[in-house]
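Residue numbers (our numbering), protein chains in the order written: chain A, 1 to 316; chain B, 1 to 316.
Hints listed in this document are in silico derivations from the structure and should not be mistaken for laboratory results.
Virtual Cβ for every residue (Gly too), placed ideally from N, Cα, C.
The reader is advised that the hints may include incorrect statements.
Below, a sample of chain B positions facing chain A; criterion: calculated Cβ distance under 8 Å [claimed, not checked]:
id, residue
1, Thr60
2, Leu102
3, Arg105
4, Ile109
5, Gly124
6, Leu130
7, Thr143
8, Ile161
9, Leu266
10, Thr280
11, Thr283
Across the chosen pairs, the derived CB separations fall in these ranges [to be verified]:
id, chain 1, residue 1, chain 2, residue 2, range
12, A, Glu265, B, Asp144, 29 to 35 Å
13, B, Ser52, A, Thr177, 48 to 54 Å
14, A, Arg76, B, Thr143, 32 to 38 Å
15, B, Gly273, A, Gly50, 21 to 27 Å
16, B, Lys291, A, Gly184, 53 to 59 Å
17, B, Gly273, A, Arg58, 46 to 52 Å
18, B, Ser43, A, Ser27, 55 to 61 Å
19, A, Arg58, B, Asn231, 29 to 35 Å
20, A, Ser47, B, Pro191, 32 to 38 Å
21, B, Pro191, A, Arg287, 42 to 48 Å
22, B, Ser112, A, Val40, 17 to 23 Å
23, A, Asp269, B, Pro191, 56 to 62 Å
24, B, Glu212, A, Gly184, 56 to 62 Å
25, B, Asn180, A, Asp277, 31 to 37 Å
2 protein chains.
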Amino acid sequence: MLYLVGLGLSDETDITVKGLEIVKKASRVYLEAYTSILLVDQSILESYYGRSIIVADRETVEFDSNDPSESNELLRYAATEDVALLVVGDPFGATTHADLVLRARHLGIPVSTVPNASIMSGIGACGLQLYNFGQTVSMVFFTDNWRPASFYDRVRENRQIGLHTLLLLDIKVKEQTIENMMRGNKVFEPPRYMTVGQCARQMLEIEEEKGEGVYGPDSLAIGAARVGGRNEKFVAGTLKELCDSDDALGPPLHSMVLLGRRAHELERDFARGFAVDKETWDTLWARDYGKQDAPAAPQTDDNAEEKEDAKVQASL
Amino acid sequence: MLYLVGLGLSDETDITVKGLEIVKKASRVYLEAYTSILLVDQSILESYYGRSIIVADRETVEFDSNDPSESNELLRYAATEDVALLVVGDPFGATTHADLVLRARHLGIPVSTVPNASIMSGIGACGLQLYNFGQTVSMVFFTDNWRPASFYDRVRENRQIGLHTLLLLDIKVKEQTIENMMRGNKVFEPPRYMTVGQCARQMLEIEEEKGEGVYGPDSLAIGAARVGGRNEKFVAGTLKELCDSDDALGPPLHSMVLLGRRAHELERDFARGFAVDKETWDTLWARDYGKQDAPAAPQTDDNAEEKEDAKVQASL
């Protein structure tokens, strides 16, 4: 049996009781540590779980081209033993785990998954309502000659219908220099985690280049650090203000939300508590936000319906 | 201190270790049981947690108009004791809990929240990728003279840009008849939970009425039951097929996803495993899905960027 166990967002105590029972019983326990990271070290997990943990790299979890059977180390063991793969966040947050489940299914290996908090839902702690979010986008580190901007079109789509956009920020873990890679040196660069400041600057850079007014320096956003952790931190402000928010936010992981105009006054009031400058927040909100609907789809709801909606949306 | 503790989606073992420690130490433990439900009874929670639990109704958690201080029973205790409010899913899944946190903040009561899986992220278990979802909508029970259709506009917005839509289905818990309410009889109707079949029928009814072709009987969707539970179940098919899927799905809670065309072949293959009729699934997919972009925003990504995107999107 292959168990995919979500670890949640922050530390060793974010595992569920169900997940912990599986970790204690499994014959082998792997930790997938290249798509995201917890905020604590492997040794803390090991002593808390009372188990040694094998750190799984891409070759262990993903398609192994040396093995024609679509299998890999993980699946070979799971065919005959109870193997647990620990995944930061929720097991289905990452494409790569869905792919693993699918391959296990093809090989006839039973799979059981244990859900947990994901940044996709945990971001609700910033005070913005989850049902007001559009698609999630990712922001990668720009280099001198590579500044991918596909996020811009997706942000536009969300903003055209007034929705918030969650931006997931790049991490570089176990990266090799091209030189080390070519020489086969297993020497890795120090990990890098994109900050909210970097993200905000890259966004403004692309807006300046494209000039389509999808957002601007005055657009409201929320920077988030260590969501779900005991010292999680939010900073709300304009994109321009967030360019300089890294000191306030502190250590990784960071993520960011760009606000959509179809926002509710509860969201305004909640996030206002995190505002760099409350006056700016109030002024810009009054000017640009709290518009209940997009021009393309006139609001026809009556109050009763909105109230009923709110009740069902609460059923999460 | 007010603790908001997410319980996750299914049973008593879905609480996190961090959450369980809080429950064991708090002086009072409330369970919010009107916006959603776990799949197990209160008594099972009580014996597992080793605590008696007070079931919190709307008056306990929400604004109490008899109390001019914006307080209520929960906040009055939390001002001087450690009070835990247990919330099905994630504490920030429901608007009402964000409102509670905001009022606690105004009253100077410290708040700590413990995240957990929410249906918003847990739905990833159906094989559709979370970053391909647009806004979440809610579907309420239609009555003879009340058939709210605001969901239709929101589904259109999602589908116009090729995104999936998660539909949260109505629950009616502790509802009174108008007669009992007027007489002040505290007699409650049996709880009702909307099924995927009912949702699919209501959707088709509204499409027939509006005739705008936002979706149709051939649109692909996935019905989900007891997501995150040991016996979770998914059924994939056309809206027409899902009208008759309730027997296959079994007991509550149900939810549903209407697919967007901007879907990936991994999503096709994963969900195909749940298909009512695999041939229909393949045919309709080939005809209408797997289109990588919306007409309004031509795809300009190169492969390298898509690959990089996939990696970051994996960082959940």
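Hints breached by this structure | Checked against the structure, the hints that fail are numbers 1, 4, 7, 10, 11, 13, 14, 15, 16, 17, 18, 20, 23 and 25, while the rest are satisfied.
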